[in-house]
Amino acid sequence: MRDRRRCIDVRLRRGHCLAAALAVSGLLSGTAACGSGSGSARAGDPNTLEVWTRSDPDSAQTYKRVFAAFTEKTGIKIDYQPVMNFDQQLQSRASTKDLPDVMINDTALMGSYQAQGLLKPIDPASIAGHDEITAKSWSSTVGRDGRHYGIPYSRQAMTLFVRKDWRQKLGLPQPKTWQDTLALAKAFATRDPDGDGRKNTYGMVVPGSAQNGYVAWWGASWLWQGGVRIIEKDGSGYRPAMDSAAALRTVTWMKDNLFCGDNGVIQPSALTSVTANTTNFQDGNAGMYLTGPYNISTFDKALGKDKYEVLPAPAGPAGNDVLADGEDIYFGARTGKAKQEQALAAFLISPEGQTLAMTGDHQPVVRIPVNSTLDAARVRGDARWSVVQKAYEDASLQFPNAPDWAPIKQDTADSLNALFTYCGSDVKAGLKELNDTLAGDLKDQDLLK
Amino acid sequence: MTATVTTPGPRRAPRLLSKKAVLGKKAVLPWLFLAPGLLLALVFKFLPMGKGVWLSFFDVRPFLGDKWVGLDNYTRVLTDHRFQDAIGHTLVLGIGMSLGGIVAGFVLALLLEGQARSLKIIRTAVFLPVVTATAVVGEMWRLMYYPTSDGLINSGLGLLGMGPVPYLDNPETALWATMAMGIWMLAPYNMVIILAGLAGVDRSLYEAAAMDGVSLWQRLRHITLPAIRPALGIVLTLAAIRGLRVFTEVYVLTGGGPAGSTDVWMTRAYTLGFSRNDIGGASAASVLLLCVTLLFTVTVNYFRKRGDVR
Chain A
1 MRDRRRCIDV RLRRGHCLAA ALAVSGLLSG TAACGSGSGS ARAGDPNTLE VWTRSDPDSA
61 QTYKRVFAAF TEKTGIKIDY QPVMNFDQQL QSRASTKDLP DVMINDTALM GSYQAQGLLK
121 PIDPASIAGH DEITAKSWSS TVGRDGRHYG IPYSRQAMTL FVRKDWRQKL GLPQPKTWQD
181 TLALAKAFAT RDPDGDGRKN TYGMVVPGSA QNGYVAWWGA SWLWQGGVRI IEKDGSGYRP
241 AMDSAAALRT VTWMKDNLFC GDNGVIQPSA LTSVTANTTN FQDGNAGMYL TGPYNISTFD
301 KALGKDKYEV LPAPAGPAGN DVLADGEDIY FGARTGKAKQ EQALAAFLIS PEGQTLAMTG
361 DHQPVVRIPV NSTLDAARVR GDARWSVVQK AYEDASLQFP NAPDWAPIKQ DTADSLNALF
421 TYCGSDVKAG LKELNDTLAG DLKDQDLLK
Chain B
1 MTATVTTPGP RRAPRLLSKK AVLGKKAVLP WLFLAPGLLL ALVFKFLPMG KGVWLSFFDV
61 RPFLGDKWVG LDNYTRVLTD HRFQDAIGHT LVLGIGMSLG GIVAGFVLAL LLEGQARSLK
121 IIRTAVFLPV VTATAVVGEM WRLMYYPTSD GLINSGLGLL GMGPVPYLDN PETALWATMA
181 MGIWMLAPYN MVIILAGLAG VDRSLYEAAA MDGVSLWQRL RHITLPAIRP ALGIVLTLAA
241 IRGLRVFTEV YVLTGGGPAG STDVWMTRAY TLGFSRNDIG GASAASVLLL CVTLLFTVTV
301 NYFRKRGDVR
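Same order as they appear, the protein sequences are chains A and B.
One point on numbering: in this note's numbering, the residue at position 161 of the first sequence is 161, and numbering is uninterrupted.
One point on numbering: in this note's numbering, the residue at position 177 of the second sequence is 177, and numbering is uninterrupted.
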């Protein structure tokens, strides 16, 4: 009897191990293959739109208010899903060929979504109020085939957040050039701007991890200011441009001065930091942060409005362009609810929809309005937003949106992170390798010229 | 006096169920009880897994039609130098974490074996890392590893007069730092299994050994270790699986960086699938992981069985 039980135990254990092994390896393929389905009883109702946004719970509150106003106005109901891990969930839903009706997500993802056939093309003329969106914003939603695949919803550009109290205490001017920025960063790191007698402050915050391409996102503004383009349009295609003299000069400058220079210019652990765990600015131990204006409400709460200032990015050798991005409204392929979707988009870009999304007690979900009749600073009663709006309108550049940008961003981030990590590395060789990789990415998309 | 150890007789090959019983009610009943679990496993594990294997042969484009590419995804994954590096890191991390976790778990089990109430409290405290979400543990260790004297570990080093070490930001140390966190998380889990094994050790053998005046090492070598061989077998099998699938620890702690120095199989597959939208490549990477995991499990079980027979 004892022998028999022991034997059953062994068999169970062995079976368990096998199942565990299978389950482990099935995890990723399972995530990729197993969609959750729409999961909504209202999915088939033509008068209900399933809408996804990539939002945390606070931003979701703002969206809920906007959608409630839309339902009240039109009678069209919204089945709203704020989704944190948006791309993972979207891939799951795509595998079941059952997409949300409307999605609001980053502009830079349009090329990727279009390449996968996830989006319905859009005729701008079919959206009421389309003429209130500027040509610059509309031009950013043109796909590889010349048709529009998104409707601009929110825009933003990076600006420089500076600890005003520290700067004034040290008697230093607002930075206007890269050299000023570097000098100010060194002063913040070494001259005890918080006055506690300890060397516990840093000059600048950098989310420099390659994870999800963060260092390419943060570094893009520096690249633009150095006259670098990651890829360049060439006729009907693109060619990689990271082997240029400007790229060599700019990346070398960043490596030598920010990552491998004096200690303290950037925060420790920058090379493995993403925005979520890069909290040194709001924690009060770093003096500068080149980032998006979505942080304004967070910084106001953590530091107080009077402690910091929002400035245009200092200029590099080729100007002071910063990375512009934002969010578009996308229509999921094959949903069959065109009229309702168009009605929702028209409301979202209208002065009423945009104003609702820019105000309220929770995190605003429209940063710079795409509706040209609105002024961000006036809507919010806050002059700092005019700095952001001006940066977007006059000195900003978006990632090219037509190619599938995801692999290009990831490869650029992998390469920059490696170059910044190894201070003795050969920048020229590293950039040449990156350029070859980018050429491969473009070739995979049949876009290489 | 020499302690006499009764050796078990030769074990007969178990014949659990006769042919008749296989077809009888006794054999059907367990399957009935298992059916709900099996059904759930089928729908949520095995079918998606099968789909994953299928997708690994395609360029996946759900709305444009998947394109058959044969073994291209596998070739691409296996020839990608970043993936090769990641496989190397996975093996180093997996083996290091597994062995480290077992040794640390064994030491903890020996230290915390017993019935005293205080030991129960300490055991519970030591077990906490296992029930804490890996993401939380990762964030905690990020703070502990903070590369200035403000970090817990570096402030300790500071007391010894040593300078702060950038554990996670130096590619030379990042993998080892991740391994240390992994061992910290795994050891208590192993400890519990080994404790269960230790509870079954015949106390009279220890008493006899004490009377013979054997050393601590001899006692461990000749009594404790042989007695807990089945527990060690389980721990080793689980460790082989867990070591290879390591993901959250790395993703939260370093995100695979710096310079890809902590990239492992799963983080690479995740990047392929969800940062580069290459579901076919990610599926191929996952299938390869499945094959290697199966191979590891079967190998560990083979050696365990051979050890049992001996």
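A couple of the hints might just be wrong.
Said to hold, decoys possible - Only pairs whose alpha carbons sit at most 30 Å apart, straight line, appear in this in silico DSSO-like list of lysine-lysine:
hint, chain 1, residue 1, chain 2, residue 2
1, A, LYS169, A, LYS301
2, B, LYS67, A, LYS449
3, B, LYS25, A, LYS443
4, A, LYS337, B, LYS45
5, A, LYS120, A, LYS97
Keep in mind the hints are simulated off the structure, nothing from the lab.
Hints versus structure:
Distance restraint check for A:LYS169 and A:LYS301: the Cα-Cα separation of roughly 22 Å lies within the 30 Å cut-off, and the hinted pair is therefore satisfied. As the CA atoms of B:LYS67 and A:LYS449 are separated by approximately 24 Å, the hinted pair is consistent with the 30 Å bound. This hinted pair does not check out: B:LYS25 and A:LYS443 have alpha carbons roughly 63 Å apart, beyond 30 Å. With a C-alpha separation of about 34 Å, the suggested pairing of A:LYS337 with B:LYS45 is violated against the 30 Å cut-off.
Restraint check: the Cα-Cα separation between A:LYS120 and A:LYS97 comes to about 13 Å, which is no more than 30 Å; the hinted pair holds.
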